[in-house]
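There are 2 protein chains.
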Amino acid sequence: MRLYIGLLHYPVYNKNYKIIASAITNTDLHDLARLARTYGIKKFFVITPLRDQQVLAGRILKHWTTGYGATYNQHRKEALALIAISPSLEETIREISEMEGKKPLIIATDAQKQKTGSLTYSKAVEIIRTENVVMVMFGTAWGLDKEVVDQADFILDPVEGGTNYNHLSVRTAAAIILDRLVGRSPNCSQEEK
Amino acid sequence: MRLYIGLLHYPVYNKNYKIIASAITNTDLHDLARLARTYGIKKFFVITPLRDQQVLAGRILKHWTTGYGATYNQHRKEALALIAISPSLEETIREISEMEGKKPLIIATDAQKQKTGSLTYSKAVEIIRTENVVMVMFGTAWGLDKEVVDQADFILDPVEGGTNYNHLSVRTAAAIILDRLVGRSPNCSQEEK
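Chains as they are written, first to last, in the numbering used here: chain A, 1 to 193; chain B, 1 to 193.
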């Protein structure tokens, strides 16, 4: 399995569906890094074009990987060591391509059900297992810009919980998605319809 | 399905395995309330014996259910309306018993694998589906006091992601557990070993 995850802070929507660059949050960095470590993800890319936000993320990383945090909590060190800060999706793809010797397939996530052609969890599991280099892309704020989603190789089915409500935080949605993609047997990774 | 969740802030462990009462965090309240709404949970009990913490939780709830937050974000209102503040596990059990006319079965969660007799996800799904009143109990900080865990009717298998790392946040662990218990078909809710 050569699986990567990316958390995009730009371009994403705000509450009024305008494109913005969202702020880095400490909780997202920790929660997603811990998930990445739990599920054997190779690297977790924190993607933001804003220089001050890159500096902020870098400072958090430094604290937990080489600073006081690293001795205070070894488990956090292990998790946060998986984080890489990147200015853009393009640069992230370039970095992964360089490491792996091939371009990653990009799976976008979206809370909305697509009209056509979205990827089921079982199909996604198959793609990840068959030695493809894959990056699953999550959006902050009100979700990934539609243009970015449409450029991805696949758009994953949304998380559904048997109700009409699909307004999870990116932390909990990423947890559920990674568990469905990596955390169980191939026969049981899909929702049967 | 008559499923409840509880988030205990006492008695839980701190980093040095001393029993403490942990602080309420805004993120946990929002993330777990949104999960509860997504997965059709009847009520989400925020359990703390500390009076000032109950007041804090009450203020957060008021903001989002009847204050400015309720008009700012209707989805949060719907989610946070599921929260009830309770001073203790005993009081929570009493409240559920009163609402349901029977005592809930308590399923404790623990990041540690039990030596004997822990509950598989498929068994837990069966219990929840067979018209039992059930409460799944999550711990904050470094996890639920062993005495509380031992008093529960069942202790759920820990979340495992195929690595040796099991240090998730309570938010992401709760997300994965609820998805495994409620979010998929009965045949596919367990990890096959």
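It should be emphasised that the hints constitute simulated quantities derived from the structure, not laboratory data.
Nothing here was measured: the structure is a model prediction, and the numbers come from that model.
Each hint should be verified, as a subset may be incorrect.
Identical copies carry no separate label here, and so any pair may be met within one copy or between two of them.
Quick list of in silico lysine-lysine cross-link-like pairs, DSSO-like style, CA-CA up to 27 Å [unchecked claim]: (1) Lys18 to Lys77; (2) Lys102 to Lys18; (3) Lys115 to Lys42; (4) Lys113 to Lys62; (5) Lys15 to Lys103; (6) Lys77 to Lys113; (7) Lys103 to Lys123; (8) Lys15 to Lys146; (9) Lys123 to Lys15; (10) Lys15 to Lys115.
Hint-by-hint comparison with the structure:
1. Lys18 to Lys77: Result: close only across copies, 23 Å inter versus 36 Å intra.
2. Lys102 to Lys18: neither (34 Å within a copy, 49 Å between copies)
3. Lys115 to Lys42: neither (32 Å within a copy, 31 Å between copies)
4. Lys113 to Lys62: Close neither inside one copy (38 Å) nor across copies (32 Å); limit 27 Å.
5. Lys15 to Lys103: Neither: 33 Å inside a copy, 42 Å across copies.
6. Lys77 to Lys113: Result: close only across copies, 23 Å inter versus 36 Å intra.
7. Lys103 to Lys123: within (19 Å within a copy, 42 Å between copies)
8. Lys15 to Lys146: Close inside one copy (14 Å), not across copies (43 Å); limit 27 Å.
9. Lys123 to Lys15: Result: close neither inside a copy nor across copies, 32 Å intra and 41 Å inter.
10. Lys15 to Lys115: So Lys15 and Lys115 pass the 27 Å test inside one copy only (22 Å; across, 48 Å).
Violated hints, listed in ascending order, are 2, 3, 4, 5 and 9; each of the other numbered hints is respected by the structure.
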